[in-house]
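Participant: Residue numbers (my numbering), protein chains in the order written: chain A, 168 to 459; chain B, 40 to 404.
Simulated from the structure, these hints should not be mistaken for laboratory data. Where hints are given, some of them may not hold.
DEER-style ranges, computed between Cβ atoms [stated by the list, open to error]:
{"no.": "1", "chain 1": "A", "residue 1": "346", "chain 2": "B", "residue 2": "207", "range": "51 to 61 Å"}
{"no.": "2", "chain 1": "A", "residue 1": "285", "chain 2": "B", "residue 2": "66", "range": "27 to 37 Å"}
{"no.": "3", "chain 1": "A", "residue 1": "294", "chain 2": "B", "residue 2": "51", "range": "30 to 40 Å"}
Some, not all, of what chain A presents toward chain B, calculated at C-beta under 10 Å [stated by the list, open to error]:
{"no.": "4", "residue": "348"}
{"no.": "5", "residue": "353"}
{"no.": "6", "residue": "361"}
{"no.": "7", "residue": "375"}
These numbers were taken from a predicted model, which means no experiment stands behind them. Beta carbons: idealized from backbone N, C-alpha and C, even for Gly.
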Amino acid sequence: MSMTSIVTTRRGKPIDAWRWIGRIFLVMMLFYTAVPMAWMLLTSIKSGFAAMQLPPQWLPNEPTLASYKKLLDPNNSVGQDFLRFFWNSLFVSTMTTALAVIVAVPAAYAFSRFDFPGRKFLFFAVLLRNMFPAVIFLVPLFILMRLLGLVNTHGSLILTYLTFGLPLAIWLLKGFYDNIPYQLEQAARIDGATRFQAFVLIVMPLSAPGIVATAIYSFIGAWNEYIFAYTFLNKNEQLTLPVGIQRFFSENTTDFPGLMAASFMMSLPVVVLFLLLQRYFVRALTEGAVKH
Amino acid sequence: MAHVVLKSLVKTYGAFAAVNNVSLTVEDGEFVALVGPSGCGKTTTLNLVAGLIPVTSGEITIGDRVVNDVDPKDRNIAMVFQNYALYPQKSVYKNLAFPLQMRRLPRDEIDRKVREAARVLDMTHLLERKPRELSGGQQQRVALGRALVRDPAVFLMDEPLSNLDAKLRVQMRSEIKRFHQDLKATIIYVTHDQLEAVTMADKMAVMNGGYLQQYDSPAQVFAHPVNMFVASFIGSPAMSLIPLEASTVNGQTVLTGAEGWTMTLSPLNARKVQRSTTRKIVLGARHSTIKLAKDASPNAIPAKAYTVEPTGDVTFVQALMSGAVVNISVPPNVAITPDEQIWLEFDQERMHLFDGATELALKVD
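My request is simple: use the sequences and hints to build the entire structure.
Facilitator: Pasting the structure below:
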């Protein structure tokens, strides 16, 4: 008896230690990411005076939603700008996402299912983009956009985001299609479906989590992008949120609550989308479809 | 139901011929097994019949219609896949209904047929479940149900039992056989398991290297294999193939083993050997046709016991002779120890002789 208990404690010890180290690490990471977020949220409901106090106040004595009201009020210039930036970001991100999905779905399906000349090379070419940091393409793309007459249009951003988002979308989706057994389509075709029907009725519903995940990825990428938007757009009414907030509030540096409220509003869609994304990634895709 | 005719069917991938000049006729209501080792072209042949891959050359007829250029959905076939290929997002009911919906049947007729198929296969209580909530045997049954729900002209089955455990496989084997008898269905059934082919099929098409080796009833294939491949592939344990040298001694045709012993052939077997062009003869004998003796006798040939495998009701002995392994079965009360000297007596009427060069069976006429 005593022997066994000694063995188990000895065996158990290192495992427990690692588990605790892991937990401590996670808690530290949580602090690292959560504290700035909490600070942002708390500052956004302070008055301008409370935000500048020294020593800093953690919890505001008089919480106020004044900053949010100001941002969302279309009757003052701050609200007008913010809502316009928000709308611009929404438009650019949604268009990017829609186009990425529309192109990536058939492209990924083709890469996954068909054998055509140059398939491997093309797929490699698609991934090649991801081997370079995005900034490298800043100047070339700017020149291209100028030649195309797209500088100072949202089109320039949508096109640019697609060059980054599309390869990733194709690559992600191909993985999803690879996991859907080809026999399902063969079965559908024998059961009376055309090739296209087999795709729409059987493959599409199965790859829906993949399509949603891909869409969310594209959206977040476009939503957060700063440097291209900063370079390609000059007119105030066209700016997207990341650039807009930065420009707008650098003229009003003291309004920390306003800046934080805007930041919070900007991160809200991303946080919501990311929570959704997690759910889809965890979901087992074709469990029970075939016996492996 | 309909008959299926394959005429000079060829499927190549680049220089590689997966299916090479295969011709065979499956009669209406017949159960035909395509059997062979992996990579022999049996599944490719089935996929060609299904229309899932295009034919390189040759002709496929289902019923009285050449279907080479007909889409799978219009061939009026049903297929059961090795991995079942059930639609994972659909309930059992919707899996069964899918082929009927695709044919735009009225809703009440779909419901009637689905429930009828579920009743036949005893899975009415499973209709609302998703495939992942079913056991392997139940999934297999749903796959079968999806095939039979719409009275196709031909059933194609691609190793439908290979994912089941041994016990369930035996059970489903008899169920599929029963299903064939009840429906008088035309079935083309692919398997690598020669036992499945022998036990279920009316006819079996033995394939190897893309070529059709032999197409006949299991009994005929078993009794009269056309070449050494078929001889060794069908039957378990495999037929022993012993390379020997033919010669004539005192006007009698004898076979000589590597160890120097001789076997005088019966008149019929002697004629077979005389007609062949080569002296290199391969003797084929199934385990049940070889008699084992512990002492020398005039017709017996010496061999050395190698391994002894008791299975309960029969003991299999592997012996070494003339550089080949010979399988023999003996009653369980016969005690043999490895490396023991034994004598084997071959049944001349039931043994097979093959041309050592062409590997073809020797015949009298």
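Participant: Taking the hints in turn, state whether each one holds.
Facilitator: Each hint, compared with the structure:
Judged by the Cβ atoms, the range 51 to 61 Å given for residue 346 (chain A) and residue 207 (chain B) is violated: they are separated by roughly 27 Å. Against the hinted window of 27 to 37 Å, the Cβ-Cβ separation of residue 285 (chain A) and residue 66 (chain B) comes to about 46 Å, which falls outside the hint. Distance hint check: the CB atoms of residue 294 (chain A) and residue 51 (chain B) are about 32 Å apart, consistent with the given range 30 to 40 Å. Checking residue 348 (chain A) against chain B by beta carbon gives a least distance of about 7 Å; that is within 10 Å, so the hint holds.
Evaluation of the residue 353 (chain A) hint against chain B yields a held restraint, the C-beta minimum of about 5 Å falling below 10 Å. For residue 361 (chain A), the suggested interface contact is upheld, since its CB lies about 7 Å from the closest CB of chain B, less than 10 Å. For residue 375 (chain A), the interface hint holds, since its Cβ comes within 10 Å of a Cβ in chain B; the closest pair sits about 9 Å apart.
Violation of the numbered hints given earlier is confined to hints 1 and 2; the remaining hints are satisfied by the structure.
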